[in-house]
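Protein chains: 2
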Amino acid sequence: METLPTTFSAEAYFQTQPPPPTIEQDVQSVRGFLKQQREHGKKVVLVTSGGTTVPLELNVVRFLDNFSAGTRGATSAEYFLKAGYAVIFMHRQFSLQPFSRHYSHSTNPFLDLLEIDDPPDGSTAPPSISVTSSKRDHLLGVLKSYKSVQKAGTMLTLTFVTINDYLWLLRAVSQELSVLGKDAMYYLAAAVSDFFLPRQKMSVHKIQSGKGSLHIEMDQVPKILKPMVAEWTRQGFVVSFKLETDDGILIPKAQAALERYGHSVVIANELHRRKFEVAFVYRTHDADPSAPRFAETWVRIDLEKDPEKEVEEDIVNELVRRHKQWLEM
Amino acid sequence: METLPTTFSAEAYFQTQPPPPTIEQDVQSVRGFLKQQREHGKKVVLVTSGGTTVPLELNVVRFLDNFSAGTRGATSAEYFLKAGYAVIFMHRQFSLQPFSRHYSHSTNPFLDLLEIDDPPDGSTAPPSISVTSSKRDHLLGVLKSYKSVQKAGTMLTLTFVTINDYLWLLRAVSQELSVLGKDAMYYLAAAVSDFFLPRQKMSVHKIQSGKGSLHIEMDQVPKILKPMVAEWTRQGFVVSFKLETDDGILIPKAQAALERYGHSVVIANELHRRKFEVAFVYRTHDADPSAPRFAETWVRIDLEKDPEKEVEEDIVNELVRRHKQWLEM
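Chains B and L, in that order, give the protein sequences. The first sequence lines up with residues 1 to 329 when you count with the UniProt record's numbering. The second sequence lines up with residues 1 to 329 when you count with the UniProt record's numbering.
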C-alpha cells in the first residue's frame, strides 16, 4: 500500500481517492445539457444542495453526515429558473428538490391532496381521482412551473451521496461549465463535510460494537474552493456559503474565505436565523488602501408580515443583479 | 458537573440524558390511540423504522447516522395494517412512510403522475388537474388503502431524529403498549446507533475545521432490549433485527442476541441480500438438552420471477402466524 498523506491537497485527494462509478455518464449528460443551453444563449447556474456523507465502512452502514434538508438549494433553484437561468441541480440523494419540495411527505403529503370520486349509481366505471378543491390553485401553480421547465429542458438534476461523490462531481461539472466563462454562476449551497475518511483507512465490514467506545479519526477535506476558483471555473461567478452557530465568528470567517479563495461572494448565515436573514460578504474595490477591504449587505425578510415569503427569492434576485453588473464591467 | 459513567446501563442513561421536549405529548397521543384500538379488540404492533442520528454538537450541524431509508419499516407497516393490526409507526423524520413510499420524490415523483387539462376553447374555467391514465390504477389502489386506514384510525405516526429521542420514545411507548400484554407486537426495524455522545460531552458550537484532523470518541449505547423485554413490555411479542455485512457472523450474532435478551424472534439479514432473503432465528423448545437450542427459518422471494413482490409481505405473514400460535399456547 502506498503511503497516504496526512493532509490532502486537492491534487493528492484526486490522485488517491477513486472516482464514483457514474462520473463519466454524468459528464456526458452535462455536456449535452450545456450544448443546448448555449444554443439558446442561456446563462447557467450550478446549484449544489444537501449534505454530504462520510462513510465509516466500505460496506457502508454508518456515516458522518451534515445537517441539511436541501431547502436553500431546492428553493433557490426555482427562483433561478424563474429569473431565466438554466440550472444544473446537483443534490444529495433524497434531499429536497425544486417543485416537489412543496409537497414533503412529512408536512404536506400529496396523498392528502387527492380524493376518490365514486362513479354515479348504476355506473360500472371505475372511481376517479381528483384534487381537493382547497389545494387545487397552489398545486396548479407548482405543476405549471414544473411542466414548463420540463418542456423547456432548462434543468438538469445530478445526484451525490458521499463527500467523495461530491468532490469528483463538482470538479467535473465545473470544468465543463467553464466553457461558458463569465456567463456561468456557481451557487455552492451544499453542506459539505470538512472531514473525511480516506478509502484506504476504512473498515471493510460494519464496525462491531461490544468492544468499548468508538474512536474515529478523520482527515481534513482539501479546501476545494481554491482550485475551483483558480483552475476549474476560470472566470465564473462563484458564490459560497458560510454557516455558523456562533454569531461572533460568522462575518470574519466569511471574509477570510473571500481572502483565501478570491471568489465573488460569500453568503453568511447563522443556523437559527438562516430562514429570514443572510449577509452578502464581498470585496470592496476602493482605491484607498486604508478603506475597509470587505463590505457586507444584509438581506432580511419579515416572516411575521409575510409568512409565505421565501428569503431565497431576495437572495437570488440580488445575485442575478450582481452577476449582470459584473458581466457588464 | 456530576461524574458520568464510562459505560451506561439503561438506568444510568435515562438518569443522565434529558428527555426530548415532545415526549409528554407523544405519550398522550399513544394513550388515546390505544384506548380506541382496545375498544375494537385490535392487536397492536409498534413498528420502528429508519436510522437514528448521533449529534456531535449541541447546536447541531454534524452527526453520525446509520444507513436506512426506512423501506423495511414502511413496507411492513402496510402489510400489518392489511393483516388487521393497528400500527404505531415510530419513524425517523423524513424516512419513508407507509403508502407515500410508493411515490418517492427521487424515483417516482408524484408531479409526473399529474396532467394539466386546459378548458375547452372559449371557456373561462381554470385548467383542471388529472392523473395520467397509465398511473391511475396503481395510485387508486394506494389511495384507497391510505384513505381507509385514515378513516379507521388504525395508524399512529410518531417521529424521532436522534438516538436520544428514539430511546426515550421507545421506552415510553413500550410501557404504554404493555397494557395489551400478549396482544402487542414490537417490530424493531429501526437502524439504531450502537454509539452515542453524552450531552455533557458535546461541543456547544459547530466544531471548527482548520485545526488538523477530527477525533471523535463515543460511548456505547446501553443494550436497551434487555430492560425492554424484562421490564417495559412484559409479555409482548418482541421481534428485533440484525443487519450485518459479514455473512459468517450473522446467525451467531442473532442467536447471541436471543440468548442475552430472551425475546421472541431475531430477523437476520445481510446488507446486500436483505431485499429478498432473511432468516427468522428463534429458540427451540426441545426437552432434550443435547438438541440444538436455536433454529432458523429462511424467508426468500424470487425477484426475477416476480419483480413486484415485496419480502416484507412474507415476513409479516410469518410473524402474524407465529404471534397467533404464541397467543394460543
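Mixed in with the good hints, there may be bad ones.
Unchecked claim - For lysine-lysine, the following DSS-like pairs were computed, each having C-alpha atoms within a straight-line distance of at most 27 Å:
(1) B:K147 - L:K135
(2) L:K182 - B:K144
(3) L:K182 - L:K226
(4) B:K253 - L:K226
Rather than coming from a laboratory, the hints here were simulated on the basis of the structure.
Evaluation of the provided hints:
A distance of roughly 17 Å separates the Cα atoms of K147 of chain B and K135 of chain L; the hinted pair therefore holds under the 27 Å criterion. Between the alpha carbons of K182 of chain L and K144 of chain B the distance comes to roughly 53 Å, so the proposed pair goes past 27 Å and is violated. With a C-alpha separation of about 18 Å, the suggested pair K182 of chain L and K226 of chain L falls inside the 27 Å cut-off, and the hint holds. A hinted pair counts as satisfied when its Cα atoms are at most 27 Å apart, and K253 of chain B with K226 of chain L does not qualify at roughly 48 Å.
Of the numbered hints stated above, those contradicted by the structure are hints 2, 4, listed in ascending order.
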